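Undergrad: One letter stands for each residue in the lines below.
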Amino acid sequence: MQSQLPFYPEQASNFAPQVDALMLFITAICVFFAAAITVVIVIFFFKFHRKQPNAVGIAFHGDSRLEAAWIIVPLILAMAMFGWGAVVYVDYRHTPQDTLDVYVIAKQWMWKAQQPNGIKEINELHVPVGRNVRLVLASEDVIHDFFVPAFRVKMDVVPGHYNTMWFRPTKPGRYHFFCSQYCGTNHALMAGWVTVMEPTDYAAWLSGSSGGNANPVVAGEKLFAEKACITCHVPDGTGRSPSLNGVYGAQVLLADGSTVTADDAYIRESILQPNAKIVARYLPLMPSFQGQLTEEQIFALTAYIKSLQSQPIPAKGAGIAPPTGNK
Amino acid sequence: MSNTPPAPDNELPDTHYLNATYGSGIRSWLLTTDHKRIALLYLASVTVFFFIGGVLATMIRIHLLTPTGALVTPETYNKLFTMHGVAMIFFFLIPSIPAVLGNFLIPLMIGAKDLAFPKVNLLSWYIYILGGSFVLYSFGTGGLDTGWTFYTPLSSVYSNSAVTPAVIGIFINGFSSILTGLNFIVTIHTMRAPGMTWFRLPLFAWAHYATSLVMILGTPVVAITLLLVGLERIFHLGFFNPALGGDPILFQHLFWFYSHPAVYIMILPAMGVVSEIIPTFARKPIFGYAFIAGSSIAIAVIGFLVWAHHMFVTGESTYAALTFSFLSYLVAIPSAVKVFNWTSTLYKGSISWDPPMIYALGFIGLFVIGGLTGLFLACLGLDIHIHDTYFVVAHFHYIMVGGAVMGYVGGLHFWWPKITGRLYPESLSRAAAVVLFIGFNLTFFPQFILGYLGMPRRYHTYPPEFQVLNVLSTAGASILALGYLLPMLYLTWSMRYGKVAGQNPWPATGLEWKTDSPPPTENFHVTPEVTWEPYDYQNRPDLGLAAGAKPLAPAHGDD
Numbered sequence: 009m010q011s012q013l014p015f016y017p018e019q020a021s022n023f024a025p026q027v028d029a030l031m032l033f034i035t036a037i038c039v040f041f042a043a044a045i046t047v048v049i050v051i052f053f054f055k056f057h058r059k060q061p062n063a064v065g066i067a068f069h070g071d072s073r074l075e076a077a078w079i080i081v082p083l084i085l086a087m088a089m090f091g092w093g094a095v096v097y098v099d100y101r102h103t104p105q106d107t108l109d110v111y112v113i114a115k116q117w118m119w120k121a122q123q124p125n126g127i128k129e130i131n132e133l134h135v136p137v138g139r140n141v142r143l144v145l146a147s148e149d150v151i152h153d154f155f156v157p158a159f160r161v162k163m164d165v166v167p168g169h170y171n172t173m174w175f176r177p178t179k180p181g182r183y184h185f186f187c188s189q190y191c192g193t194n195h196a197l198m199a200g201w202v203t204v205m206e207p208t209d210y211a212a213w214l215s216g217s218s219g220g221n222a223n224p225v226v227a228g229e230k231l232f233a234e235k236a237c238i239t240c241h242v243p244d245g246t247g248r249s250p251s252l253n254g255v256y257g258a259q260v261l262l263a264d265g266s267t268v269t270a271d272d273a274y275i276r277e278s279i280l281q282p283n284a285k286i287v288a289r290y291l292p293l294m295p296s297f298q299g300q301l302t303e304e305q306i307f308a309l310t311a312y313i314k315s316l317q318s319q320p321i322p323a324k325g326a327g328i329a330p331p332t333g334n335k
Numbered sequence: 025m026s027n028t029p030p031a032p033d034n035e036l037p038d039t040h041y042l043n044a045t046y047g048s049g050i051r052s053w054l055l056t057t058d059h060k061r062i063a064l065l066y067l068a069s070v071t072v073f074f075f076i077g078g079v080l081a082t083m084i085r086i087h088l089l090t091p092t093g094a095l096v097t098p099e100t101y102n103k104l105f106t107m108h109g110v111a112m113i114f115f116f117l118i119p120s121i122p123a124v125l126g127n128f129l130i131p132l133m134i135g136a137k138d139l140a141f142p143k144v145n146l147l148s149w150y151i152y153i154l155g156g157s158f159v160l161y162s163f164g165t166g167g168l169d170t171g172w173t174f175y176t177p178l179s180s181v182y183s184n185s186a187v188t189p190a191v192i193g194i195f196i197n198g199f200s201s202i203l204t205g206l207n208f209i210v211t212i213h214t215m216r217a218p219g220m221t222w223f224r225l226p227l228f229a230w231a232h233y234a235t236s237l238v239m240i241l242g243t244p245v246v247a248i249t250l251l252l253v254g255l256e257r258i259f260h261l262g263f264f265n266p267a268l269g270g271d272p273i274l275f276q277h278l279f280w281f282y283s284h285p286a287v288y289i290m291i292l293p294a295m296g297v298v299s300e301i302i303p304t305f306a307r308k309p310i311f312g313y314a315f316i317a318g319s320s321i322a323i324a325v326i327g328f329l330v331w332a333h334h335m336f337v338t339g340e341s342t343y344a345a346l347t348f349s350f351l352s353y354l355v356a357i358p359s360a361v362k363v364f365n366w367t368s369t370l371y372k373g374s375i376s377w378d379p380p381m382i383y384a385l386g387f388i389g390l391f392v393i394g395g396l397t398g399l400f401l402a403c404l405g406l407d408i409h410i411h412d413t414y415f416v417v418a419h420f421h422y423i424m425v426g427g428a429v430m431g432y433v434g435g436l437h438f439w440w441p442k443i444t445g446r447l448y449p450e451s452l453s454r455a456a457a458v459v460l461f462i463g464f465n466l467t468f469f470p471q472f473i474l475g476y477l478g479m480p481r482r483y484h485t486y487p488p489e490f491q492v493l494n495v496l497s498t499a500g501a502s503i504l505a506l507g508y509l510l511p512m513l514y515l516t517w518s519m520r521y522g523k524v525a526g527q528n529p530w531p532a533t534g535l536e537w538k539t540d541s542p543p544p545t546e547n548f549h550v551t552p553e554v555t556w557e558p559y560d561y562q563n564r565p566d567l568g569l570a571a572g573a574k575p576l577a578p579a580h581g582d583d
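In order, the protein sequences belong to chains A and B. Counting in this note's numbering, the first sequence runs from 9 upward without gaps. Counting in this note's numbering, the second sequence runs from 25 upward without gaps.
A hint or two may mislead.
Here are the simulated distance ranges between beta carbons [said to hold, decoys possible]:
{"id": "1", "chain 1": "B", "residue 1": "Val-458", "chain 2": "A", "residue 2": "Arg-182", "range": "38 to 48 angstroms"}
{"id": "2", "chain 1": "B", "residue 1": "Val-79", "chain 2": "A", "residue 2": "Asp-106", "range": "51 to 61 angstroms"}
{"id": "3", "chain 1": "A", "residue 1": "Gly-265", "chain 2": "B", "residue 2": "Glu-99", "range": "21 to 31 angstroms"}
{"id": "4", "chain 1": "A", "residue 1": "Gly-265", "chain 2": "B", "residue 2": "Leu-251", "range": "33 to 43 angstroms"}
{"id": "5", "chain 1": "A", "residue 1": "Val-50", "chain 2": "B", "residue 2": "Leu-54", "range": "43 to 53 angstroms"}
{"id": "6", "chain 1": "A", "residue 1": "Gln-319", "chain 2": "B", "residue 2": "Leu-241", "range": "23 to 33 angstroms"}
{"id": "7", "chain 1": "B", "residue 1": "Ala-267", "chain 2": "A", "residue 2": "Ala-42", "range": "43 to 53 angstroms"}
{"id": "8", "chain 1": "A", "residue 1": "Gln-298", "chain 2": "B", "residue 2": "Ile-86", "range": "37 to 47 angstroms"}
{"id": "9", "chain 1": "A", "residue 1": "Thr-269", "chain 2": "B", "residue 2": "Leu-89", "range": "48 to 58 angstroms"}
{"id": "10", "chain 1": "A", "residue 1": "Asp-106", "chain 2": "B", "residue 2": "Thr-90", "range": "44 to 54 angstroms"}
{"id": "11", "chain 1": "A", "residue 1": "Ile-238", "chain 2": "B", "residue 2": "Thr-90", "range": "54 to 64 angstroms"}
{"id": "12", "chain 1": "B", "residue 1": "Glu-99", "chain 2": "A", "residue 2": "Pro-124", "range": "47 to 57 angstroms"}
Taking lysine-lysine pairs in the DSBU-like style, the calculated list, with each CA pair at most 30 angstroms apart, reads [claimed, not checked]:
{"id": "13", "chain 1": "A", "residue 1": "Lys-179", "chain 2": "A", "residue 2": "Lys-235"}
{"id": "14", "chain 1": "A", "residue 1": "Lys-179", "chain 2": "A", "residue 2": "Lys-324"}
{"id": "15", "chain 1": "A", "residue 1": "Lys-59", "chain 2": "B", "residue 2": "Lys-523"}
{"id": "16", "chain 1": "A", "residue 1": "Lys-115", "chain 2": "A", "residue 2": "Lys-128"}
{"id": "17", "chain 1": "A", "residue 1": "Lys-59", "chain 2": "B", "residue 2": "Lys-538"}
{"id": "18", "chain 1": "B", "residue 1": "Lys-538", "chain 2": "B", "residue 2": "Lys-137"}
None of these hints come from the bench; they were simulated from the model. Note that the structure is predicted; figures quoted are calculated from it, not measured. In this text, a Cβ means the ideal position worked out from N, Cα and C, and glycines have one as well.
Excised from the complex, chain B in its bound form (with noise of 0.2 angstroms):
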């Protein structure tokens, strides 16, 4: 690290929340109320699922080599993609950056000592644990064929595989996700250190307070419509079976009055991420910030009223399929925002290129291909060609997998010197995440032309035309999988031999880095008091850095 901070200790600090005066055995573990820990326990369980997600992804691409399918039949195709949406959104996705990231951070940003519910926030990993493991059972005892999206009647009646406990498993889950969202909200309403304005907030917090929004007011939504699909299934209760009276219609919108607004719970967190990383490694306040901060709120919203746009092509009425157009155009304004401001905070920063950087730009170039393409999938006209083939499939692997991931990824090596005290190979983990962008690039692009050209998702079998394409696609997923494994070697290795990162590496404006790396229990040894706006590099002598003094060029100078 070339830019060091004042007084970079040699040694972590005697006790930190990861060897605290209660132990570090596993019953202080899993007994824990430390937003911090728990914020650990999640980090794992996630992996967990990302890795069984990623072998499943990896077993689709293998198979997807040759036109007739190179390694699994039908049956167990199906299971595959259905088990890697799965896991995937509902088991890490939505969780990764609001109950990892999120979790250990934002009591740590407001400068207060915990969340507001620290029980709470313990009985919401339970929670996501339980509803994992009726997940796991179903994948376990059958597997799941219905893809992740579940439509009716197929998954209420037709499916001979293991629908009842999944469905299960995420209704439970879901409370795990209402419970955090609700524990965000209320922190960041009643336990902000003395200074911290609503204003002064980072707009990571922002960021996590819209996705709370969607969390409590959707997850319930999709909760109750599965626990239907469920009934449905069991007792033969016509809510979704036409034969039975019920409207296989119904379960769409019900379903995607979430799953849509759950795209946010994603991409919004890994917004904050990014808004957080840029200022940071440009040295200077965020452009826009109102605006930023603004555009969260705004998706959140606008992003509840979108939902039958995955619906143009079911038979809707033409005016509602005009007014889910049109808003679905409006809901892409914000996003836009956010892009232009964070491009035009980096002009004349001082910018370095640390890996989270790289990071966080190449999370902007996928944010940028895969918000484009929403452009093409709201249009009308459009829709009724390219929806439900290769083009929805890449499109929305852009905003979950190169946004939402990218900014995990880029989130975790940010705050990776806070969370362990230590710091990771820098020029490795640098390369790595060039890989991952060359890598999620070749995978996925193609997959835009394999679209337009006509291939349906979800097809085990294709006509022998599309195979360059898909070949091109597989090669580029082994290579995303190196950009996915690097990090998580050296990651895990850096936290026993990697250099200790001291207090403020970067060094960063955020409270989260006035404090121990790693931070002591209680978070901070004195209640700290916010004096500075957001990012301001001007006026802050305690980081050491040339702020006021003489930076690159005069500030009233030629512009």
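Pulled out of the complex, with its shape left as it was, chain A reads as follows (with noise of 0.2 angstroms):
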């Protein structure tokens, strides 16, 4: 999709119109000094041009105002341009409550989405218009990165940890995403599009694809047996290790006596290295699954464990961080 203008790709998220004004901004900043300087320079190149083979300048050997105007001045605009562009960013980092989920894994050369339903996309990702955007980002080998032109986003989606991002599309249409961190042979061919849907569309599309046993909340059940992580993860909390029920997203007490949330990234690290972080009054017996997950398997046991949200909290054996004063 490209646009008719000559110098932008299609505005297609709420970042878009943000990150196109600011590029304005400093644009207008750096002609205005750049024309300056090359006139000045071209004036002075003419002007000043040797008459007499034997001539020399006049001699100046500084100013200190001069020098304390050209460093001020320049320290301001830039400082402006830093600011704003820190309140881009903070947007961009800051990811919105209630966003709609979709977890994305980068392998060596495609892309894999899976829709919060279960549905599995590869190098295609469909979203509805005005929703915001949350993706789960993990590589299964080396460092990609996720990169839509026309959203002005793009993040690094990096072996070993959870990176997210998100966005707000804004207009419906297919819109180009490629990989941005080469990543190896084939990294030109690692793109795919964006398909923006208008909600109504995006539920139908959602509806008419066939999840069908690809559930990952399913999937991270019947993983959840087949692991045997069932006989110390128990319930209702008798178990050697603490029950997860309602612990997607709650504040969980750890030996140190600090508080983490657990959040994907924290359930990922637990299942990968579980002595990381020793929940309070358990031992560190788990074992650890890393290399025995295939990271679509370990979004479908933290889609499981989020589904537990609703799920009673047996008063003992829970590991969540008894209610704070304040909150």
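Could you fit the two chains together into a complex? Lean on the hints.
TA: In structure tokens, the structure reads:
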């Protein structure tokens, strides 16, 4: 989707107008300075061209007021650029509540996306217009980067980490996405299309495509039994490990007295490196599942644990931090 | 040359460093400890790497003529841009000005007989050759496809190319850089001629002092980091590989801790060259000497604190991103100070249009664009869009090629008469500078637009809507290539056939111009004593100019 305007990709997300305004602001300042320097140099170049072979120039050794001026004025302008850029960036890095979460897995050289109801897509991503969308990004191998020029956003997809990015599509259409972190031979082929749909079309598309038994909660529940997680993480809190009912999104009290929010990244870490953060009053018994689960399976387990949010939390054996006074 | 020195000699001096008593056979070169001869050894070897890198760049641009790729397979394309980057950055740009011009000039400029450690100087060239051989071995046996940035775990686990010899080569080459920096610092501290106070030092020496600090403090970090990549490949140690408990982002911190300051290793010496050329060809003292000298040090120091601005979209903490963006804006200020001071130096100068001046002004034009577009990338909100696109490619080529290479070629033109004793065809070289400037802009300016439109870098194939700008860029590259070939040809020609230059053809005020061209092996027949301020044309009757008598207008005239 190429815009008719030659210098801009299409503006199709909440961030696009902000980033473009920032671009115009900085361009205006820079063009002014570049033009001013160029004009002055060209004028001096001709005006003060040597007239006699022996002539020398007139000595000026400097002027501290001028030096101060051309330190302070650029500094103020630079701080304005910094400040405005920071505002946009902080907004981008602070995901709003109540997002539509899509899990995206990158591997050499394809993208797999999974909608909340389990529908999987390859090198395609469907999202509704006007809704805040959060992408949870995981890599099976090297570092990739999910980049949608029409949305003006990108985020690296780093193996061993979860990164998240968010945007709100503002205009239905089909837009390129690219891998923008070099990832090996077919890096340039690791691209696809984001389809932004009206909410009703999106709902129809979701129900029309076959989610079937790929529902991540179902898959996660099955894995939870297969990998014998259930033998220790007993729902009523009587097991050797804390019950996971209601844990997703809650504060977990750790052995060192600190607390941590049980988000996607925490759950992932607890599966792969169980000893990194031990829940208070429990022993470090859990084996590591590093190398035994694919990123997709970890997503499924996370989805299942998330689905336990509504289950009754046992009075003892939940691992959830007691509510603090001010909350 | 319209402006002739007092008595131009018509012949080269009888003995000089090129034909000195110990002969001119191959042994006399390979065993030399003369900084001037070592500079020429470096000149030959960096030119070889520039040529290799240039051929690779040409193939890249031809390949990108069509959206599906006109020339090579994806594997080969990835190797082309990786080897282009490695050859150009580690083996051409970083050593170019310091090891060639700096080596040749710093002792001459401060009135010394040689560098402080002449044998170490020769050793550093051998280390460079050894490191370069490993890298060429890597290029020849499977090539390298990791990108010059060697990001893990692609480089340390997944790549099937010859990564190990390449990282060993760069590790070895690092010591060459460290030893050169060490040599410069000790030389500038201890070997200045009588009267050569710190604030009489040429700004070229100040720039090299700052560069040497970066070389000594930064290079060990990248050397060790790349060694860790090699160890992870060979022994499967988990430094960066997450499957073994390592952290791929750690690599980026370590890599950029050197590789961002490395940009200043490339650009600071070029700024030093320009700070010499501008006052010489405007025939007046440089405006704001202390500010230009101080800004070199400021760039070297602040330049160490900005590395994670390469990592705004890796998921680094928002606070880290805010800090690094802020510091990146700070490091822009000393560069701006330099540009304003150079421009002010032109005011009421006696400006000649000699070739080095054309190159220096071309440098300013390109560096201004390169520097200002850095402000776009330092901007957090904008970087989430233009990071890792062609905007970045355009930006760093404006700094490293438009800036550093333009400065290097300009410096070669300025000091060529001193190095070889001969002049080159003036009009041809002036034309070459203009061709270089135009070709460069045509090659790289379209890439800013490509980047903003969203074309990611390192793509062997691209959507068809990006073709027009890519074709423009390739067309520019062919003009640019001509701009580099011309000086290679006429400078080589001039070594034998050029007009004899004499001691001080421009004339310039520095100490290096107070000795023969080419200089004798011991640099000066008698130890010089400095009694004048830097770039002073008013009190230098020895230059044979109208100095002091009647400049263009009264010194305390209408302003």
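Undergrad: Which hints from the list above does the structure break, by number from lowest to highest?
TA: Hints 3, 6, 12, 13 and 14 not satisfied by this model.
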